[in-house]
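A.B. asks: Here's the letter readout for the chains.
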Amino acid sequence: MSDPRYTPLRDRHEALGASFTDFGGWQMPVRYTSDLAEHHAVRQAAGIFDISHMAEFLVTGDFAGDFLDYSLAGRLSAMAVGKAKYSLMLAEDGGIIDDVIVYRLAEDRFLVIANAGNRGFVDAAFASRVRSFPSMIERELPARAEGEDRSFAGFIGDRGVDVEDVSDEYALLAVQGPASEAILSSTTGITDLGTPWAEQKYYAWADAMFLGSPLLLARTGYTGEDGFELLVRVADAPALWDALVEAGQGHGLVPAGLAARDTLRLEAGMPLYGHELSRETKPSQAGLGRVVVSDKDGFIGKGAVDAASDAPVLVGLVAEGKRAGRTGYSVVDADGVVLGEITSGALSPTLGHPIAMAYVAPSSAAEGTAVFLDVRGTRIPATVTALPFYRRTK
Amino acid sequence: MTDLNALSYTDEHEWIAADGETVTIGITDFAADKLGDVVFVELPAVGTEIAAGSVVGEIESTKSVGELYAPVTGTVVEINDAVVDDPSLVNAEPFAGGWLIKVSVAAGALEGLMDRDAYVALTEG
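Taken in sequence, the protein lines are chains L and S. Numbered per my numbering, the first sequence spans residues 75 to 468. Numbered per my numbering, the second sequence spans residues 808 to 932.
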């Protein structure tokens, strides 16, 4: 087993007294002070997260968009430059390899951000798909391949697309919460904005500079609040962290760890790979059928993407009291018959009652269905509910 | 302020304060820090007879569930309602307001438990 990896911000976290945990082979801050305090700060002011462990892939070339249509579930070729899009990488059997965010940087340039724990799988799948894609060009896109006025020598080895794992060159920070825009717009060193702050839309990105280095700003996040994710080169990460923390002091910004991140995304009904999503899960089971463009020609997983009609489906569950059903706990009916299993669960800090996501038999998935959570031998009544549990008010 | 040197300890990170035949039991700051924010505490009912080494309750945090072990044999005579209402007391005052249960015990019940020095050595080892 290889040594755990640390991000460029390790000494910042240690100086703040963070507790670390292993996540996907990385030592990441799980909390700095208190899970609950960090969670509440994000909902009420803002939190800053180090998510540099995530993987980034640069996809370039004349056929980059078509290649992503082939490799992922969505129609990435139709994205406008400047936009971000949530998508899935499927296996041949329709199972989910990873969930990703794709940014269209230019006509022939996309950035794909993947989960740290799936970096190796995504890298291998991209490499394999680059090799199989040229036959796509030959078979499916003859009109495009024709008309090239280069000689055959100009084609050899040119697959029309290149995928590069650039994860080790970049750090990724997130600032999330209602004060995010106020904090970022007052951060010293962020200049040359390609788009004014107030015009930066949700699921879009903007160019900027930080102390003379390139900075990519995306209005995306994993908390259900307004916020930004910031991509910089590794060497710039500590100075950017310091600048954001300083700007955030007047706005209630706190460093927030993975524990708070997990309760925030759970309240927002967002799936976590390894819990709600896995290689054995099909998109429609997880409520992600809309991510798959099924009338798209010839993409990996196309023939197998439909789930069986009796396949378990993901639901939200709410309960009263303070005892939360947790990952792996059973969902049962009044007679103790197992209906399904919880994938993520916690006592919701913002809502004050237990919430969970679970896969249950379709016959028990209707909103309002009364079920029980088996919490270490005690049956807690719960109700099926639509996701998300929490929505921000503005 | 609780005198930590006057307490006995277990390797399950409980502390025990003796007052004649009644002992007060809680978990240490070390255990509370490891658990994180405590959000739910399940305690045995008053009158329950408990046996040393058995699981008598649960201390649940945002991220994990810790079992409460009985460090002594005896009968539960009082539980801390304040902690049941506000589990965060376990984090804020693990040795004071965050106490969990009081147990009436036979003589010699504290034999074999660790003193402060031994417990500090355990947690820093």
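Worth double-checking, as some hints may not be accurate.
Claimed, not checked - Not the full set, but computed from the structure, chain L residues with beta-carbon under 7 Å of chain S:
| # | residue |
| --- | --- |
| 1 | 108 |
| 2 | 109 |
| 3 | 175 |
| 4 | 293 |
| 5 | 333 |
| 6 | 397 |
| 7 | 421 |
The hints are simulated quantities; they were obtained by calculation from the structure and are not laboratory data. All C-beta atoms, glycine included, are put in the ideal place defined by N, C-alpha and C.
A.B. asks: With reference to the structure, classify each hint as holding or not holding.
C.D. replies: Status of the hints after comparison with the structure:
no. : hint : in the structure
1   : 108  : holds, 5 Å
2   : 109  : holds, 4 Å
3   : 175  : violated, 26 Å
4   : 293  : violated, 28 Å
5   : 333  : holds, 6 Å
6   : 397  : holds, 6 Å
7   : 421  : holds, 5 Å
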